[in-house]
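Build out the structure end to end from the sequences listed, making use of the hints.
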Amino acid sequence: MSAMEFAKEIDLRNLPCPMPVVKISKGIKEVAVGQVVKAVTTDPGALTDFPAWAKTSGHQILETEEAGGEVSFFIKRLK
Amino acid sequence: MDAGLTEQLEELRARVESLEQGGQENKLSMVVFSGDLDRALASFIIATGAAAMGMEVMMFFTFWGTPLLRDPKKSAPGKDMMGTMFGAMLPKGAPAAKLSKMHFGGLGTRMMQGLMAQKNVASLPQMIDLAAELGVRICICDLSMSLMGFTRQEMLDYPDLLYCGVATFLEQAMGSKVQLFI
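Taken in order, these protein sequences are the chains called A and B.
Counting along the first sequence from 1, when you hit position 65 you're at 70 in our numbering, and nothing is skipped either side.
Counting along the second sequence from 1, when you hit position 137 you're at 232 in our numbering, and nothing is skipped either side.
Distance condition first, Cα-Cα at most 27 Å in a straight line; then the derived DSS-like pairs of lysine-lysine: (1) 272(B) x 84(A); (2) 28(A) x 272(B); (3) 31(A) x 122(B); (4) 34(A) x 122(B).
Which residues of chain B face chain A? A partial, calculated answer using Cβ under 8 Å: (5) 140; (6) 143; (7) 144; (8) 147; (9) 148; (10) 149; (11) 214; (12) 215; (13) 216; (14) 225; (15) 229.
These are computed hints drawn from the structure, not numbers from a lab.
Bear in mind that the values here come from a model prediction, so they are computed numbers and not experimental data.
Cβ atoms here follow ideal geometry from the backbone N, Cα and C, with glycine treated the same way.
Structure (structure tokens):
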């Protein structure tokens, strides 16, 4: 388990495409620039979709964890 | 460095950046030609995904895509014979859209809708609401409206709705990085 700190956790479990990306794009705005959100998804497509979303929207994925069918992303809001 | 020079440098930098992008902005322009449920769903998934990725999105509904935006709760009395016929034969809004394959007289489409609900996939009307919430712009082809005899009063109350022609679509498409025809 990582001990990465985050300001807010966003539950995206059981949401299929395009909802994880739609909701994280809103959710990231709920923390201040420089803060980290933890997003938990069960969508296997998120593993490639989140890096693509982060790249185009200008945020940074600090860490990705996979465990028990869930993928957690630690994303730093950069703007 | 004096202020004037800094200003000129900034302006030049902006112009180089715009040239590098080929005059295209971070926009998606999409033609929704099909009224099929599957194609319409794909259109809205791409549109909402693009909006989530920070793109400005415009969807242009034409031909068979037009009746997807009829409001099932509204009626439009006083149409001529052809208009009444088109109105009766084309799906009355997104909830009535059919699959392009395996419709099987309605059975296949209902099964797909059941499966989508079970797997937590948003329905087409829900996707339209989501698109509205994310600021996706919708343009409806005026020619299709008049060909099929639709009136504006029977269309959905969508926040960013415009009735337009091909030039509006092309003007948007020219400045868009991504253009799609579905």
